[in-house]
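S.K.: Chains as they are written, first to last, in the numbering used here: chain V, 865 to 1133; chain F, 57 to 573.
For the record, the hints were derived by calculation from the structure and aren't laboratory data.
Any given hint could turn out to be false.
Mimicking PhoX-like on lysine-lysine, the simulated pairs with C-alpha atoms at most 25 Å apart in a straight line are [to be verified]:
1) V:K990 <-> F:K60
2) V:K1016 <-> V:K1047
3) V:K990 <-> V:K931
4) V:K1058 <-> V:K1077
5) V:K961 <-> F:K216
6) V:K1016 <-> V:K1058
7) V:K961 <-> F:K71
8) F:K341 <-> V:K940
9) V:K1077 <-> V:K1087
10) V:K1058 <-> V:K940
11) F:K71 <-> F:K60
12) F:K151 <-> V:K990
13) F:K71 <-> V:K1013
14) V:K891 <-> V:K1077
15) V:K1058 <-> V:K1047
16) F:K216 <-> V:K931
17) F:K109 <-> F:K71
18) V:K1016 <-> V:K1054
19) F:K216 <-> F:K60
20) F:K71 <-> V:K1016
21) F:K99 <-> V:K961
22) F:K289 <-> V:K940
23) V:K1087 <-> V:K1054
24) V:K1077 <-> V:K1107
25) V:K1058 <-> V:K1087
26) F:K99 <-> F:K109
27) V:K961 <-> V:K1016
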Amino acid sequence: MLKIVELCKTYEDGILALHNVCIDIVKGQIFALLGANGAGKSTTINIICGFIPASDGDIWVDDISLKDNPRLMRSKIAYLSENVMLYDNFTGYQNLKFFADISHSEKRKLEKGNISENMEKSLSQKEYLTQILRDVGLQDDFIHVNISKYSKGMRQKVGIAIALVKDAPLLLLDEPFSGLDPKAAYDFQKLLYKLRNEGKTILMSTHDIFRAKEMADIICIMKEGEVVMTKTRDELESEDLNKIYLDYIEGRVAPMPLNMPSISNFVVR
Amino acid sequence: MFTKLLNHEILNLLKSRRVYLTVIMFLLLFTTVFVVRVLDYQKQVNQYIEDVKVNDEAMANIENYSHITPRAIQEPILFSIYNEGYRIQRVINIKFYEAIIETTSINAERNMLFFPDTELDITFLITFFLSLFILLISYDSVNGEKQVGTLRLLMTYPLKRQSFILKKMLGVFIFVAFVFTMPYFLSIISLMVIYANLLTINFFISAFFYWFLTIFFILFFSLLGIFLSTCSKSPNQSLVYAILTWMVLCIIIPISWDYIISPSLSNERIHQATQNYHTYTTQAKRAIEHDLPDDANLRLVPMGIWTSSAGIENDGIHEMSLWGYDETYEQSSRFQSHLYENYYPLIRASEQAYDDVYRVRINTENMMNRVFFFNPIVIFHNLSMKIAGNSRVDHLVFLHTARELRDDLVNLGATEGWLFDYRFYAHFKEEYNLGSREEMLARFDGDRELVWEYVNDIEENAEMYEMEVPVFRKYEQPHFTLAMMIPRIFESMVLFVGSIVGLWVVIWWRFLGYDVR
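Take the sequences, apply the hints, and build the full model.
M.R.: Quick look at the structure:
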């Protein structure tokens, strides 16, 4: 689903942000990126989203290369940041409609009209979008209220609704739980499980070790721009992730070799 | 897709509180200014009609050649919302042997919309604030979205960056253009309703060009605001940039040019030309005051009409001066010859010298337009003057036309001989001839009051004159046509459009490498 191969990023001021990062995520997995500040989590996500160019390496989403077709690749990803960014002058519904409009028309253009409009055929666009906002747990009373009056959790819900409407197979979540109250975080977690069950692939960067262990199918620890550990949920079942994390971060354990099982079958094109 | 982006941008602008306030301010400002302008234009038109009437009456009642004082009266060409400086006084009295260097006014009221010394015009203030408003709307258009984060979200869509920056530019531009255009056309419609019969096609051509120009002005400043927005990380920073840029373009450059650069460039030349002007006027003054032939009576001629010459003797007592036909004619003829040969060339030379002063100023202005070709305020000022027909060059053309009329009239008099003829001097028919001064006094037993009355009666009776008013060319105002307008504004327009395109390319290039994080 998502393949990152030998991704490198050196900033203009010479700082090496990423060095040979390789990640392989299978469809329907939740993949958590752990790491201290400056470890390269956000840089990785920024490169996938196309905010900054990579210095070397490539990324494939659904066999579409970032280098070859960045615009088509961007249609395959949906992004949700720590502080959900929305237009404050518009209501939740209007924000959703705007992004729905641009994602659909862009898709139509890119895929030359072959987009499947499954739900929209049976429902009008308004009903469809309202239903999505309800599905992500936004109260009806707030659907037509200006975003400026939303709590952080509510913004998060609209953000995820926007990501859902884009109908992208890969969700990129940058620190999605930070700042959420426990109830909102719990709701959000449930929503992510639901999405995973629907076949979405989720890549999230987080500081929250416990939630990562609870939710993620694969956990990856990054340090100073390199991947130092990648383990599946089963491999970590009986281990103390907190301790492992600190061991890696403080350098008490040597990084895992690159030819780890999860990406050994990867073929570089 | 692009339409959706654009709609969203305009809606977003409309919903923002800051823009909401700006729109109200815009509308209030424009509406007020346009109402004032429309009223002012109406006043100008009324004034013009009144001036023409006064002139026509005067021309109909011409009694003799020496009474011919035709006027060159400029029609208000344009309902210009820009500088009205030369429109206040737009009448030239064409008199024989008078230097034509300035316009006068017949019925003008003081124009409170324009202060000639500072060129501070209510419409100048619009331009001044219009640019600030546009910058205040657009200064955070890109980095504001970056700060909120919506830019990042948008960039995860398969959108072209060009589409985003284009919608930003068009959003601000369409919004401001609409806010400007609405009151502009409303005011024109109100003019059409009130003064339908007076508005010519030229008026609409000029009004259209003015609107067109302001649209470019708005486009330039929208782009400038967006450019500043892509130059800085935070909206606060770009706000400071925007205000600084505005101050440099609208205050520092024009003021430093007017008070520092321009004087240092042209003061010497203006001084020289002014010296020449004074030399010629002094010589002319000498020619008419001191170098007169002894037998030409100065007092007689400026009084205009033969019979009304009431002299002031050396002791200061008013005394009726009356001359018989032969004596008056000979004196007049000698005086006219003297003027034609000595004074008239000096007057023309002093007009030339005056024009030289003017030309130095025009050259300096042209230099400013070229040096500050990047300054939209300077280009706008230059272009709107050209479109309104209010520039110094236009004023000079007006003076020249009036002088040509004067020269025509003088040459006509010289060619046909009536300039040195008794007819120029309002000779009465034979039966009304008054005789000499002594004869007149004797006829009324020395009673000067009775003589005066008699003379006045004769003077007011046009039938008593022995002359026909010559046919002379009248003033015709050159009216702008499309074909005339385009070459006038072509160079500056190319400069304006070129700088807009240049700015757009720079923004385009910057935004392609813009860090959206």
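S.K.: Each of the hints needs a verdict: does it hold here or not?
M.R.: So, going through the hints one by one against the coordinates:
no. : hint                : result
1   : V:K990 <-> F:K60    : holds (16 Å)
2   : V:K1016 <-> V:K1047 : holds (12 Å)
3   : V:K990 <-> V:K931   : violated (36 Å)
4   : V:K1058 <-> V:K1077 : holds (17 Å)
5   : V:K961 <-> F:K216   : holds (20 Å)
6   : V:K1016 <-> V:K1058 : holds (21 Å)
7   : V:K961 <-> F:K71    : holds (16 Å)
8   : F:K341 <-> V:K940   : violated (90 Å)
9   : V:K1077 <-> V:K1087 : holds (18 Å)
10  : V:K1058 <-> V:K940  : holds (19 Å)
11  : F:K71 <-> F:K60     : holds (16 Å)
12  : F:K151 <-> V:K990   : violated (80 Å)
13  : F:K71 <-> V:K1013   : holds (15 Å)
14  : V:K891 <-> V:K1077  : holds (19 Å)
15  : V:K1058 <-> V:K1047 : holds (17 Å)
16  : F:K216 <-> V:K931   : holds (15 Å)
17  : F:K109 <-> F:K71    : violated (54 Å)
18  : V:K1016 <-> V:K1054 : holds (17 Å)
19  : F:K216 <-> F:K60    : holds (14 Å)
20  : F:K71 <-> V:K1016   : holds (22 Å)
21  : F:K99 <-> V:K961    : violated (53 Å)
22  : F:K289 <-> V:K940   : violated (29 Å)
23  : V:K1087 <-> V:K1054 : violated (29 Å)
24  : V:K1077 <-> V:K1107 : holds (12 Å)
25  : V:K1058 <-> V:K1087 : violated (31 Å)
26  : F:K99 <-> F:K109    : holds (15 Å)
27  : V:K961 <-> V:K1016  : holds (20 Å)
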